[in-house]
Amino acid sequence: MNAAAAMIRTEQLTKRFGDMTALNQVEIAIPERATTVIMGGSGSGKTTLLRLISGLEPPSSGAIYFEGADLARISRRELYRLRMKMGMVFQYSALLNSLTVEENIAFPLQEHTALDARVIRTMVTMKLEQVGLRGFEHLMPSELSGGMAKRVAFARALAMDPKVVFFDEPTSGLDPISAGVITDLIRNLTQLTHMTSIVVTHDVHAGLAIADHVILLWQGEVIAAGTPESVRNSDDARIVQFIEGRPDGPIPFSRSDTSYMDDLLAREVIA
Amino acid sequence: MNGALNLCGALGRWLLGATERVGDGAVLSCRALSGLLILPWQGRQFVLQLYAIGVGSLVIIAITGAFTGMVLALQGYYSLAKFGSESLLGSVVALSIIRELGPVLAALMMTGRAGSSITAEIGIMRVTEQLDALEMMAVNPVRQVILPRIVATLLALPLLVALFDVVGLAAGYVVGVDLLGVNAGSYVGETIDKVTMHDLTTGWVKSFCFAVLLGCIATLMGYRAVPTTEGVAQATTRAVVVTSVAILIADYIITSFFL
Amino acid sequence: MHHYRRVEIVVGAFVLAGLVAIAGMALQLGKVGGLGEQGYILTATFDDVGGVREGSDVMLAGVVIGHVKKVTLVDSDKAKLTMQINHGVELTTDAIASIRTKGIIGERFVRISQGADEETLQPGDAFDDTESAINIEDLVSKYIFSGTSD
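Chains as they are written, first to last, in the numbering used here: chain A, 1 to 271; chain B, 1001 to 1259; chain C, 2001 to 2150.
For the record, the hints were derived by calculation from the structure and aren't laboratory data.
Treat the hints with care, as some may be off.
[What the hints assert, rightly or not] Simulated crosslink set (DSSO-like; lysine-lysine; CA at most 30 Å straight-line):
#1 K2142(C) / K2078(C)
#2 K2102(C) / K2078(C)
#3 K2102(C) / K2080(C)
#4 K2069(C) / K2102(C)
#5 K1082(B) / K2080(C)
#6 K163(A) / K85(A)
#7 K2102(C) / K1082(B)
#8 K2070(C) / K2102(C)
#9 K2070(C) / K1194(B)
#10 K2078(C) / K1194(B)
#11 K2069(C) / K2080(C)
#12 K2102(C) / K2142(C)
#13 K1082(B) / K2078(C)
#14 K2142(C) / K2080(C)
#15 K1194(B) / K2142(C)
#16 K2142(C) / K1082(B)
#17 K1082(B) / K1194(B)
#18 K2080(C) / K2070(C)
Pulled out of the complex, with its shape left as it was, chain A reads as follows (with noise of 0.2 Å):
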């Protein structure tokens, strides 16, 4: 893939909490104008790389290049300055609950821009009518289901009209209706609006349904990217296993690296 094309672009990039790292090198690149699906088992450090490209938290070492700007250098007035072109969806909404609908999504425009309380206004009404929840305006977060906070969520993140948007899970907790509702939008969207759109998820249908791009994650590594054709078809055992859902294979069942025996008979094991 060309580098110029790149919306987002990691070198090197390594996270470590404590001992334990969840990122290890990670290089990957994010084409623009197209959506990139980053895929991966629980704990294969896939949320924490969404956190980190999202410039929510630091690297341990390594660069994340948004536009040309290194998020782990850059200032925090430069990277508000960033985000103004960053929408995110967050897993469970993280709707501000003492707001309603409407200032929920109304939110960012009066925090950032001059514009006039009927404008702004309408532009609500526009970002609800695109997520098809118009006429919801009054209800308060926690009146909503989960896919429509989800909506709401998903409408409030495009309020600044992001260069790029962010998917932490966006389907996980809602039925399939309201997970093909919003896998429908975000394809839609991202089609007639040309945003950059980031999804990280494990729901593997829904991921390879929206993908222009694939980035599979495994214990903190890259082990595959590209388009879901090449992936789909990719005769790596580990791909395989994750595509297929098999419960036992390279990535093993047993996360248990100590001897069942030993742990049985409680043998003292000398490190």
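Once you have looked at the hints, place chains B and C on chain A.
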């Protein structure tokens, strides 16, 4: 020998950790308060917090104030009657409330009521990624969430202490004069006579210092809560305990300065 | 928005009530606003003030007419009281200032008894005649070991 060494080590680690947390809190509070230099202020957030923290605590403050004044009058009368100095009751009640019990009890009640909810609220915002969401919307969560709560506490607590004092004095009067039969004139006269501006200032300085402790500790504990359900629960408990102890220690120090 | 307006009004009322409480206490109890500063100064020197201190009452015929502003030691063995007497209270030049006790072990105060002179004490003047505190212990020892203490 080994045990003593271990104890020393544990104590050292605890001290280091505590110092680190104090430093962390100071830095966070300063970062929040430096937000006051940036316009526009979060006026709306501030008003909403003042409502939750201040107005929401009114009833409990009034009840504690009233009963504190009443019990002080009873206890004071019991002691003073032994010296035949019941006429001094007014000043005993007033000085105890204004110098000591008003600020301390109001601050402790606020810690239980408002402090815990501040910590829990911010902790839940951490768990539900609302703080991250603010961050992603290029809104500084320290400025948006922490600052209004600290400032609201700084304003609300001294006001609540003043109301606590007034209610307490009135309740003390009712018990002292109407129930125990102390002469109304000498009760009021003693009160006005013995309470000086210095006593009032002591009370105000205390309530302001307690407000600083409460606001900073409660927000810090919430902001740094481990983002799980138990994490928030622990943070809330710890916020209440640490703030209460800090208030009592600070009370001793301030009193010794202002004697 | 309606809800927010109500919140604003309630918060406003709360802040106002708190400020009124603070101001009320400052005026009534803290004697802010010059109430404590009215009056004129008189001084008196005693052999023994028996624990009268700043803020102690000055009484005439059982009525508080002022209070003690300062207690200082003079000539290494005398106590000088600076008293603030309320405006409008006229004391004769031969008035006597004495230290008394409210009750048997109550607090000390300064009692003034008027004399017969026509002239009155002016601000800054000193009492000619003073009467020191009666020391109960001295009295007791005097009574028991009569003759030995003098």
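Verification of the supplied hints:
Pair hint K2142(C) plus K2078(C) holds up; C-alpha atoms about 22 Å apart against a cutoff of 30 Å. This hinted pair checks out: K2102(C) and K2078(C) have alpha carbons roughly 23 Å apart, not beyond 30 Å. A C-alpha spacing of about 21 Å is found between K2102(C) and K2080(C), which places the hinted pair at or below 30 Å, so the restraint holds. With a C-alpha separation of about 19 Å, the suggested pair K2069(C) and K2102(C) falls inside the 30 Å cut-off, and the hint holds.
For a cut-off of 30 Å, the pair hint linking K1082(B) to K2080(C) is broken: about 34 Å separates their Cα positions. Using a Cα cut-off of 30 Å, the hinted pair K163(A) and K85(A) holds, with the two alpha carbons roughly 5 Å apart. Only pairs whose Cα atoms come within 30 Å are accepted, and K2102(C) paired with K1082(B) is accepted, the gap being roughly 16 Å. A distance of roughly 20 Å separates the Cα atoms of K2070(C) and K2102(C); the hinted pair therefore holds under the 30 Å criterion.
About 16 Å separates the Cα atoms of K2070(C) and K1194(B), which keeps this hinted pair within 30 Å; it holds. Proximity of K2078(C) to K1194(B) is assessed by CA-CA distance (about 27 Å); at most 30 Å being required, the pair is judged to hold. Between the alpha carbons of K2069(C) and K2080(C) the distance comes to roughly 11 Å, so the proposed pair stays at or under 30 Å and holds. Under the criterion of a C-alpha separation no larger than 30 Å, the hint pairing K2102(C) with K2142(C) is consistent with the structure, at around 23 Å.
About 35 Å separates the Cα atoms of K1082(B) and K2078(C), which puts this hinted pair outside 30 Å; it is violated. Distance hint between K2142(C) and K2080(C) is fulfilled; the C-alpha atoms sit about 27 Å from each other, no more than 30 Å. About 35 Å separates the Cα atoms of K1194(B) and K2142(C), which puts this hinted pair outside 30 Å; it is violated. A distance of roughly 29 Å separates the Cα atoms of K2142(C) and K1082(B); the hinted pair therefore holds under the 30 Å criterion.
Of the pairs offered as hints, the one joining K1082(B) and K1194(B) holds, with about 21 Å between alpha carbons and a cut-off of 30 Å not exceeded. With a C-alpha separation of about 8 Å, the suggested pair K2080(C) and K2070(C) falls inside the 30 Å cut-off, and the hint holds.
In summary, the numbered hints that this structure violates are 5, 13, 15.
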